[in-house]
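Residues per chain are reported as follows:
2 protein chains.
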Amino acid sequence: MGVPAERLSLNTATVRKRWNLRQCIEGCARHGLGGISPWRDMLAEMGVDDAAKMIADKGLRVSGLCRGGMFPATDEAGLRAALDDNRRAVDEAVAIGADCLVMVVGGLPPGSKDIGLARQQVRDGLAATLDYARTAQMPIAIEPLHPMYAADRACVNTLGQALDICDELGEGIGVALDVYHVWWDPELSRQIQRAGKARIYAFHVCDWLVPTKDLLLDRGMMGDGVIDIASIRQEVEAVGFNGLVEVEIFSSGDWWRRDPDDVLRIIIERAQTAV
Amino acid sequence: MGVPAERLSLNTATVRKRWNLRQCIEGCARHGLGGISPWRDMLAEMGVDDAAKMIADKGLRVSGLCRGGMFPATDEAGLRAALDDNRRAVDEAVAIGADCLVMVVGGLPPGSKDIGLARQQVRDGLAATLDYARTAQMPIAIEPLHPMYAADRACVNTLGQALDICDELGEGIGVALDVYHVWWDPELSRQIQRAGKARIYAFHVCDWLVPTKDLLLDRGMMGDGVIDIASIRQEVEAVGFNGLVEVEIFSSGDWWRRDPDDVLRIIIERAQTAV
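If you read the sequences in order, they're chains A and B. Plus 735 on top of the position in the first sequence (first one is 1) and you've got my numbering. Plus 735 on top of the position in the second sequence (first one is 1) and you've got my numbering.
None of these hints come from the bench; they were simulated from the model. Everything numeric in this text was worked out from a predicted model, so none of it was measured. Keep in mind that a hint or two might mislead.
Given that identical chains are not distinguished, each listed pair holds provided it fits within a single copy or across any two copies.
To be verified - Derived pair list, reagent style SDA-like, types lysine to any residue, alpha-carbon separation capped at 20 Å:
| # | residue 1 | residue 2 |
| --- | --- | --- |
| 1 | Lys752 | Arg796 |
| 2 | Lys948 | Asp989 |
| 3 | Lys752 | Pro995 |
| 4 | Lys793 | Gly813 |
| 5 | Lys752 | His766 |
| 6 | Lys948 | Phe985 |
Construct all of the structure, not just a fragment, from the sequences and the given hints.
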């Protein structure tokens, strides 16, 4: 039980209200974390080249770039714009040496109730982006999001559904498994077995709080909720995943308000006791 | 397209902040609804016998009794207490002539992170209750709840999972299908086919709002959200379901504050345009 600091990665959303990317990189290095996973807006603000250099200088691995995706659109121009943006995301992921580009695939376009169409657009967008990503040798990781985000963030909502897409599209595409999104799934163990090492590109942790006061911004620190994180990690590692354990906590009422150095200290403690 | 008032049933939770059960029964009759689905606390307050008589006198059908379930517990005494309560729920459902007893099966017991154990307790509790319900000829309807309720309300979270339990336990047990809980499921159409007329005991409607401001109490009126309710109803009816369409809206910020007669009028309108 327990994950040492050098096997942890900080998703920068966890401290984004108090630190910019430069501070995140410094913080990760200062606390002895093994890696970082930046969001693209923070990367753009710092500059991709400066960020890439600083991350390399500090010896940090990049467990993923957040995020590509958001494919569904109401018209051809919207679909094309999404593909253009995803190619740029691939380039940025390559520039910072990311293990993968994480895909939050998008939900229903404005005004639509056709989740079947949105899912088709996602499949097509992933296929097109994968063609480009293969030429850049950048793995694409579909992140199935909790079903409560099906309307507005991602219409890929189970590991099984993500793996169906992977099986259809072939090599170079896998999944980013976040315990927050999948812990409830009665199919979880079976689908982790199905995914195997070959399809699991990233593993994210935080916790599900009871009660959860906000659909997006009330995620918990590992150990404060009801997810048996250690069991899920053991299952993922049993099939061969040996990448970093990425911590991603959206928490407007709690963790975003705290001193990020305290947050990192607590993450490292909890990685020992609750991961 | 469209469901006439006589095919609608009012789940009393929809107007519970303003009407007691007697007022709900009168309201359903006054607006020409075909049925009602009471909650047990409202039934207890009015008295089961008085309610049964008044419902019959008004010619209303009872599309379901809400609710049995809540099986998981931390000790034997808790498990037994749940079984006792579920037998009483069966008796009450029989007394009011309900089409079925709706089961919200329960989530994790306090302090537990073992969703596998909770699911086993649910299976065992359903099996024991079903034995009793069969002697009373009362159908038991598992309501799979949205995965966002897995921790605190129901650890049966997909139609497929509910049908696996039904297949294991045999006759007299089926599902209550609420579009709010299942609309996101990529397996939905396949599982409706699998369920067929034989397993679909109840069909509930409301809508998923974007944004959803509260996990429990921000459900929408049909037509105000993103669920393609008409398509799901058509799928359910295509396999043979011909029961009432039950309207159940938990809405602390909006519908619970309105005059229930207005709410019923709008339900009847929306049943024509959005169901």
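We went through each hint and held it up to the structure:
1. Taking the shortest Cα distances, Lys752 and Arg796 never come within 20 Å of each other, neither inside one copy (23 Å) nor across copies (55 Å).
2. For a Cα distance limit of 20 Å, the shortest separation of Lys948 from Asp989 qualifies both inside one copy, at 12 Å, and across copies, at 18 Å.
3. With identical chains, the CA atoms of Lys752 and Pro995 are at most 20 Å apart within one copy only, with a shortest distance of 9 Å there and 44 Å across copies.
4. Taking identical chains as interchangeable, the C-alpha atoms of Lys793 and Gly813 are never at most 20 Å apart, the minima being 38 Å within one chain and 54 Å between chains.
5. In this homomeric assembly, Lys752 and His766 come within 20 Å of each other (Cα to Cα) only inside a single copy, at 19 Å, whereas the closest approach across copies is 52 Å.
6. When the C-alpha separation of Lys948 and Phe985 is checked against a cutoff of 20 Å, the pair qualifies both within a copy, at 12 Å, and between copies, at 16 Å.
Hints 1, 4 from the list above are not met by this structure, while the remaining hints are.
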